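Top line first, the protein sequences correspond to chains A and B. Anchor point for the first sequence: position 31 equals 811 in the numbering used here, and the numbering is continuous, going up by one each time. Anchor point for the second sequence: position 209 equals 460 in the numbering used here, and the numbering is continuous, going up by one each time.
Simulated from the structure, these hints should not be mistaken for lab results. One or more of the hints may lead you astray.
[To be verified] In silico lysine to any residue, SDA-like type, Cα no more than 25 Å apart, as pairs: (1) A:Lys839 to B:Pro430; (2) A:Lys839 to B:Gln400; (3) A:Lys895 to B:Pro430; (4) B:Lys366 to B:Gly284.
[Unchecked claim] Facing chain B, a subset of chain A residues (Cβ under 10 Å, in silico): (5) Tyr846; (6) Leu850; (7) Leu972; (8) Ile991.
Treat the numbers as computed from the prediction; the structure is a model and nothing was measured. All residues carry an ideal CB built from backbone N, CA and C; glycine is no exception.
Spelled out, the chains give:
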Amino acid sequence: MPVQAVFGLPKIRKSGSRELVTGLIMIMPFLILAGLFFFAPLVEGIIISTYKIGLPEDKFIGFDNYSRMLKDRNFHKTLINSIVFGLYTIAGVWLSLFLAVYLGSRIVSSGSRFKRIVQSCVALPFLTSWVVLGLAWNWVMVVGAGAEFAGLSLTGKVSVTGGSVSPLADPNLSLHTCGLIFIWAGLGYNALILLAGINSIPKDLYEAAQIDGADSTATFRYITVPLLRPILTFLTISAFIWPFQQGAFEAVAALTYGGSGWAASNTVFYMARQAIMGLDFGYASAIGITTALIVLTISFIQYRLLYGRLA
Amino acid sequence: MEVKKRMLKNAQDKIQARRNMSRILLLAVLIIGVVLSFIYAYPFYIVIIAALGANIYIRPPEFFPSVLRVEAFIRILTNPGFNIWVINSLIYSLCTTFGILLVCAPAAYALSRMKFRGRAYFFWLVLAMLMFPLIVIYVPLYILLSRMQLLNTYPGYILPILASPYVTFFLKQTFDSIPKDYEEAAFIDGAGRLYITFRIFFPLVRPAILTISFLQFIAQWNNLAWPLFVATSPQMWNLPLAIWNLSWSYSRDYWIIGAGGAILFLLPLIMLILASETILRGLVVSGLKG
Chain A
781 MPVQAVFGLP KIRKSGSREL VTGLIMIMPF LILAGLFFFA PLVEGIIIST
831 YKIGLPEDKF IGFDNYSRML KDRNFHKTLI NSIVFGLYTI AGVWLSLFLA
881 VYLGSRIVSS GSRFKRIVQS CVALPFLTSW VVLGLAWNWV MVVGAGAEFA
931 GLSLTGKVSV TGGSVSPLAD PNLSLHTCGL IFIWAGLGYN ALILLAGINS
981 IPKDLYEAAQ IDGADSTATF RYITVPLLRP ILTFLTISAF IWPFQQGAFE
1031 AVAALTYGGS GWAASNTVFY MARQAIMGLD FGYASAIGIT TALIVLTISF
1081 IQYRLLYGRL A
Chain B
252 MEVKKRMLKN AQDKIQARRN MSRILLLAVL IIGVVLSFIY AYPFYIVIIA
302 ALGANIYIRP PEFFPSVLRV EAFIRILTNP GFNIWVINSL IYSLCTTFGI
352 LLVCAPAAYA LSRMKFRGRA YFFWLVLAML MFPLIVIYVP LYILLSRMQL
402 LNTYPGYILP ILASPYVTFF LKQTFDSIPK DYEEAAFIDG AGRLYITFRI
452 FFPLVRPAIL TISFLQFIAQ WNNLAWPLFV ATSPQMWNLP LAIWNLSWSY
502 SRDYWIIGAG GAILFLLPLI MLILASETIL RGLVVSGLKG
């Protein structure tokens, strides 16, 4: 053993190995925290999804939670709801493309003082908690429902007042009302990103097209959309994944609390209700793991579409 | 001559038509803009007027409060039963933002600037976490935290969300976009690693760090899902969870809820007004949701 190592003196080393030590030290906090609070619960989740958690003791039941899930009507409903939400948010992406092209590029690229204000206003729903958005929309929907039942009809859940039921509480309408609100909430964020993309398209392309006699529809169809393809792909897939994630959980929780008979619930909200209200942690974990697999599959497809290859 | 005149007339007509057309288009854009901004603004407006004392439940609804009352705001900020949630919210958002930076900035620096074995695996790990819907592991995490006796404590709230793949990825991308020339020049001049990092690298990335701090602060200020799992006693609720719980209970004091909601969205709004450039750049550049 070299003397320096024994006495703790600096040893002459290759710079690569010195960077190994500093590098590891720098990523160590992240690794420890991720191990404790991401990988450990992940493994725990996979394990307890094969258990029936409860008193007097947890019972191993194999894949029973999963087969129960496959037969569960409510789970099917929430899965379909999530996909419907995804279609709405995808529609929102394309709507915000038109917004970005026809409204935004006039205001935002003009460089006026107006620009910053418009951008800020447009970003506001995205930066606001879903608790506020849910509260606000519920109030918008039940406005004029009668003061004496203010407390009861606050959320629009109870329709004792004047016969007016909030569309958010109506079992047939709540899903689509939520979908429209999701479009509203994502519009500004999508438009901001698309605007940044549009502004990065070289102006000479548009000039060349104009000289060739292309009208605005043609330039939109043959220049704007193809050149925005990577951003559009990214936003579309993100929009489709969104209903399976935390943001949509909060949105559903705040807007409808799942709706009557899970009418407007997505899978993660169903999972949380199984865990928190039903204390059925095994079943909740099975739903969670399935949701994660769905999201990872779609993300993988996104990666392939965007980069055309793996790694 | 005749032909020339007709051509001229035609061209003038066309220009006139186009002018009319663009005028109509401008009007349409303006109308659509006004309608859209009304739809955009109305939900926020109704929260504020409800907090200020407008009765939103009579028919027709009040669009302005008949008697202006700020009592709800005062109560939520001074009543110890209510203001604990505001204080909790501030503690949670500030601590998690600082903690996330402390944990993720070094990791991102190592990913971007250092060459060591295993770096590629670490990057894959961050990407995998980024794609994973984190809410799914909140259920087993709840069980683990209750076993560690960490439920309903500040460390139990803050520690598990510090390893943020989103922030690490964002910072890594930003660091990558900054040329290494300055650091190399300083290195040739004999500067040490620490000097280069803090005197040369850090000033260059300060705007990006500021951006991500703002975005993280707002994201944590708005967080509902995580406290729902980990803060089960009312003393540990943050403001969103408290407002949410109150709004689903049959509370009559809707102006208090309105005031809470107003505080909840006014803070991000004020930050947006004061630092719109910083925040908007972050939204556009990252292209990712926190």
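Checking against the hints above, which ones are violated?
Going through the list in order, the structure violates hints 1, 3, 4, 5, 6 and 8 and respects the others.
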